[in-house]
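Asks: Chain residues, written in single-letter form:
Number of protein chains: 4
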Amino acid sequence: MTALDRTDPEGAIAAAAKRCSNWGRWGADDVLGTLNFLDESARLAGAACIRRGAVFSLAQSFDMNGPQKGWRRRTNPVHTMLDTGTDAERGSQGFPHGLGGADDVVFMPLQASTQWDGLGHIFDHGHAWNGRRAGDVVTSDGDLVTGIETAAARIAGRGVLLDVARVVGPDGELPDGFAITTEHLEATIAAHGVTVGRGDLVCVRTGRLARARREGWNDYAGGASPGLSFTTAEWLHDTEIAGIATDTWGFEVRPNEFDDAFQPLHQVCIPNMGLFIGEMWDFDALAADCAADGVHEFFLAAAPLPVTGAVGAPVNPLAVK
Amino acid sequence: MTALDRTDPEGAIAAAAKRCSNWGRWGADDVLGTLNFLDESARLAGAACIRRGAVFSLAQSFDMNGPQKGWRRRTNPVHTMLDTGTDAERGSQGFPHGLGGADDVVFMPLQASTQWDGLGHIFDHGHAWNGRRAGDVVTSDGDLVTGIETAAARIAGRGVLLDVARVVGPDGELPDGFAITTEHLEATIAAHGVTVGRGDLVCVRTGRLARARREGWNDYAGGASPGLSFTTAEWLHDTEIAGIATDTWGFEVRPNEFDDAFQPLHQVCIPNMGLFIGEMWDFDALAADCAADGVHEFFLAAAPLPVTGAVGAPVNPLAVK
Amino acid sequence: MTALDRTDPEGAIAAAAKRCSNWGRWGADDVLGTLNFLDESARLAGAACIRRGAVFSLAQSFDMNGPQKGWRRRTNPVHTMLDTGTDAERGSQGFPHGLGGADDVVFMPLQASTQWDGLGHIFDHGHAWNGRRAGDVVTSDGDLVTGIETAAARIAGRGVLLDVARVVGPDGELPDGFAITTEHLEATIAAHGVTVGRGDLVCVRTGRLARARREGWNDYAGGASPGLSFTTAEWLHDTEIAGIATDTWGFEVRPNEFDDAFQPLHQVCIPNMGLFIGEMWDFDALAADCAADGVHEFFLAAAPLPVTGAVGAPVNPLAVK
Amino acid sequence: MTALDRTDPEGAIAAAAKRCSNWGRWGADDVLGTLNFLDESARLAGAACIRRGAVFSLAQSFDMNGPQKGWRRRTNPVHTMLDTGTDAERGSQGFPHGLGGADDVVFMPLQASTQWDGLGHIFDHGHAWNGRRAGDVVTSDGDLVTGIETAAARIAGRGVLLDVARVVGPDGELPDGFAITTEHLEATIAAHGVTVGRGDLVCVRTGRLARARREGWNDYAGGASPGLSFTTAEWLHDTEIAGIATDTWGFEVRPNEFDDAFQPLHQVCIPNMGLFIGEMWDFDALAADCAADGVHEFFLAAAPLPVTGAVGAPVNPLAVK
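Protein chains in written order, with our numbering: chain R, 1 to 321; chain W, 1001 to 1321; chain F, 2001 to 2321; chain B, 3001 to 3321.
Isolated chain R, as found in the complex (with noise of 0.2 Å):
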């Protein structure tokens, strides 16, 4: 494991997005980063996890009742009615034959809610993922290169939930600020009894979620939580999963671990590394049944909804078991 110089972030970042780049492994035209990983054989073991048929969707809602404050313009999802089974029930709608209906629209930050982060997302020292200058990858009309639709048929395979909050943490939940690190990790990974590798789209469980359910979003949306520690991004390399998401807004540990950064583990990842990251996904349902029956791979479908341009889009993933 990487020691972490708190004080020296610059550095840290560098070092960790140069040992981790993946700039040019897929050619120079790459749009799909780690995605290339989740082979058609990646996707075949996971469909082999597929035993009794259960399904678990890992979407929180989509709705005004969720977390966001207003950070970065991201308010919760506004859902209107273009019309109701008030209106329809009234007799006014103009329908022929007793016909009526209900349609509506919905406003929302593509990152309000369940989702994965796009690889145009997050750049460092202006270079978007494979090198590209930021200014020529997204712009006003959006990602004119990875845009999210270029992954709408690649985000289905092997999922494997670790439920570090049931293994490691003091009642089932990490506290806000518990850097999850590479050895938290490999012994989560042991106490399930299964493997991490190629092409595997990581679920990882903190439980702040549960206690988000419990006690009131509060800080949800950017405060204090558990998270993985910038010291992971060797192993998020090294492993060569395609994807990796937790059940928090930012993925990695808030406050970050540098005395002054901005998810410096996303600068590595995402732009260097070429890494799918999943944020505020839901793992509860899925984490309970994992440990009722000690299973915890899955077949994931996880396909984003593909809003050309877009650097991040919601997803309701389903996994089966």
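Source of the hints: derived by calculation from the structure; they are not laboratory data.
This structure is a prediction, so every number in the text was calculated from the model and none was measured.
No residue lacks a Cβ here, since even glycine has one placed at the ideal position from N, Cα and C.
The reader is advised that the hints may include incorrect statements.
[Unchecked claim] Computed list of lysine to any residue pairs in SDA-like fashion (alpha-carbon distance at most 20 Å, straight line):
{"hint": "1", "chain 1": "W", "residue 1": "K1069", "chain 2": "B", "residue 2": "G3222"}
{"hint": "2", "chain 1": "W", "residue 1": "K1069", "chain 2": "B", "residue 2": "G3216"}
{"hint": "3", "chain 1": "W", "residue 1": "K1069", "chain 2": "B", "residue 2": "M3064"}
{"hint": "4", "chain 1": "B", "residue 1": "K3069", "chain 2": "W", "residue 2": "S1061"}
{"hint": "5", "chain 1": "R", "residue 1": "K69", "chain 2": "F", "residue 2": "A2212"}
{"hint": "6", "chain 1": "F", "residue 1": "K2069", "chain 2": "R", "residue 2": "G70"}
{"hint": "7", "chain 1": "W", "residue 1": "K1018", "chain 2": "R", "residue 2": "K69"}
{"hint": "8", "chain 1": "F", "residue 1": "K2069", "chain 2": "W", "residue 2": "W1217"}
{"hint": "9", "chain 1": "R", "residue 1": "K69", "chain 2": "F", "residue 2": "N2218"}
{"hint": "10", "chain 1": "W", "residue 1": "K1069", "chain 2": "B", "residue 2": "A3212"}
{"hint": "11", "chain 1": "F", "residue 1": "K2018", "chain 2": "F", "residue 2": "G2131"}
{"hint": "12", "chain 1": "F", "residue 1": "K2069", "chain 2": "R", "residue 2": "G98"}
{"hint": "13", "chain 1": "W", "residue 1": "K1069", "chain 2": "B", "residue 2": "R3073"}
{"hint": "14", "chain 1": "B", "residue 1": "K3018", "chain 2": "F", "residue 2": "G2098"}
{"hint": "15", "chain 1": "F", "residue 1": "K2069", "chain 2": "R", "residue 2": "G222"}
{"hint": "16", "chain 1": "R", "residue 1": "K18", "chain 2": "W", "residue 2": "P1096"}
{"hint": "17", "chain 1": "R", "residue 1": "K69", "chain 2": "F", "residue 2": "G2070"}
{"hint": "18", "chain 1": "W", "residue 1": "K1069", "chain 2": "B", "residue 2": "K3069"}
{"hint": "19", "chain 1": "R", "residue 1": "K69", "chain 2": "F", "residue 2": "G2216"}
{"hint": "20", "chain 1": "F", "residue 1": "K2069", "chain 2": "R", "residue 2": "M64"}
{"hint": "21", "chain 1": "F", "residue 1": "K2069", "chain 2": "F", "residue 2": "D2176"}
{"hint": "22", "chain 1": "B", "residue 1": "K3069", "chain 2": "W", "residue 2": "G1222"}
{"hint": "23", "chain 1": "B", "residue 1": "K3069", "chain 2": "W", "residue 2": "G1216"}
{"hint": "24", "chain 1": "B", "residue 1": "K3069", "chain 2": "W", "residue 2": "W1217"}
{"hint": "25", "chain 1": "B", "residue 1": "K3069", "chain 2": "W", "residue 2": "M1064"}
{"hint": "26", "chain 1": "B", "residue 1": "K3069", "chain 2": "W", "residue 2": "P1096"}
{"hint": "27", "chain 1": "B", "residue 1": "K3069", "chain 2": "W", "residue 2": "W1071"}
[Stated by the list, open to error] Facing chain F, from chain R, some residues (calculated, C-beta under 10 Å):
{"hint": "28", "residue": "R90"}
{"hint": "29", "residue": "S92"}
{"hint": "30", "residue": "D103"}
Fit chains W, F and B to the supplied structure of chain R, relying on the hints for placement.
Replies: Using the frame of chain R, we list chains W, F and B on its own:
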């Protein structure tokens, strides 16, 4: 097959609604309708269809280049950026150590592109699915009973592509106004050598989308189109399928088959039968693959985005073969 | 002045509604309510108040830094860019000869910031202004009868600032929960040496906004606040004013004066009296000027943005002295 | 009048920009441009035009029936309800004592309907008004310098209607592609017997909107249209008017007068001259009144909705005669 009296839509709709009603079939509190057919064993049957690990997205794009023209205030999705790579590269975002970010937001009718109709989308004489009063179900606050979130963790199972366009159509496309009958469906099933039954998710390809791709959207949204005949209501009911989707705007044939009617098959299927209907799906890549390998069944994961209270929801369906 | 029985809101509201009703006063088809008082001669009286050519905007800001917290799905306005100067400067917009452009879009509840309540905003026992059934007036398609566009070309006339905060309040601010009575209004009128009458647009300053500016929004939207007493209903009716606005979220005192009620003065004034009510206006700069020169009357141009069918509308009111 | 070389837009734009530049005229920090001409005395001159108390709204509608077709992601305004009278009448809103309510929300491009262009709307070779770099002014966070809120308390003054359509046009409408020259403007001024000068707000009627009303929107937004000739730049500069508006989508004649150009007069007027330009105004009712009484001057209150950082803003302009 029911003979269709074009001059008596009111009577025909009432008769079909009565014949095909599932009200009470799964209890007075049911909110799932035909998704009840999609149980764990049906899901396992779907999983058994994964043989190669190949995956296909069945979603159309979500952007301003879509077919919507404003009917029922349905616009195309409007995607705007909250932060861009151009800004990040210029260095004015204020993050430390070279971090830059992009973020985005979308405004979209929930039925703007590839979607599932929820059970609160259509009413029959002021009644919603399972006999509830429309105004008790869908108000300005959304669908309080059968909101699409109730289907969040269900729709993964065995998919079957019925490429009616390729089997029946001249040149692999059905003409606008072509009503697909039970006979056409059965002929396609026979030609493909597949079975369709309880709990399946049926994908009916008409070729309408391929034509729009070639010739422009024109009146894709709401205009003339091939689609299911009103007379298929009994087949849809008796097969006990869990859901059905087409590559058209409106699922059923347009113009509708009565002299004066609006989407009469919807009126039978959604509030009376409790059937899940998908619209504006894209089967073209999948269909080419099925034609090539002769295998028309697959695992289909098609979880709607769980916007709380939605009467329809966007989806990125994944077919895995 | 009516004595207020705090335990009988239902009776008190009914009595005030009856006493102050203007139903039928301007014919069965009327959609303007008290704006009927604002005729050409009243407008000329306003024009006569322009003496220096000084102008004051009475609008609060329209942005994410506003007071909304999600009640009734009211968010703050979300403003996003469709094109930026950063993109233009970088040269990637594709316009010829060095032209660059910026464009933008807003999503906002119509009552998110400075606004007029339309006559379709509030109902009394299922009835809207002038005795119409609420469901005949405002459906999912908006206000089909009294939409704010009907008031598009009316609201310019004589404005009068009643700086109750400065006249009555300790330290120039009324405390939260302070109910402004007819006596307070009359005392302020006398102190200012102005008149208030038929067709006037009355601006009541409570100082609540100044406090929010100093101390933060806190519960500005919906929380405790000074405001009009329920007992002013008769004064509002008998003066024949055309409209009235305050610098608070809710116009009337909060908490409301009955043990169990919600905005009872609204219930009397909007559907029964047909009164135009403005909320979340900013009188602070104007009030300072009026205090300095002792002149509390002015020309007020406060045309709502004519969103067709709106039950409320944002406005940038201009006071010209 | 400048002779126009249709083959040299680059040179012509540069020459006009240099000739008409106001950079530095009001200091390096100026954000108001030509609104500096609209001082208190100019405003008093406007007030003196109020003689009858008649008022006219110069706004078009804000709804889905507008002309936008998606260019630059500009849709028509989408207005949806958060609460309705139908729900209120049905009694399910949960308010006490018979209170019911309706609320609404809008999503709209800020230049969807009647609007003012802000000074950050157009750039010339990467520079914004007063010589600032475009990327220092308008980022994804909006216009940080000349946002429309800086003009919130200015635009009330003397309006002059130049009904060029009625004076010059055959049948009271200018044909599409008709370039209004300085000579046409002067002839209209002479025919009306008015003056135009420093600080005035000039309203130029082309009749294009009347034609759209009669024949449908067709290509109103961006298509062929009468409008100001590029050659009027000097007149716009030398008259020292505060602002100018037309009843067209694009202010200047369409197609533009160069073989290859896009809105070249904008490029001169906004970033170089600092001129406020209004588009999609509706002068028809006002024009009929002016034709009837022969008076073409009035008080014009046209305060833009102060969306913080907006590069354009909707407005409901009121003309008071």
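Asks: Please write out, lowest number first, the hints stated earlier that are contradicted by the structure.
Replies: 7, 8, 12, 26
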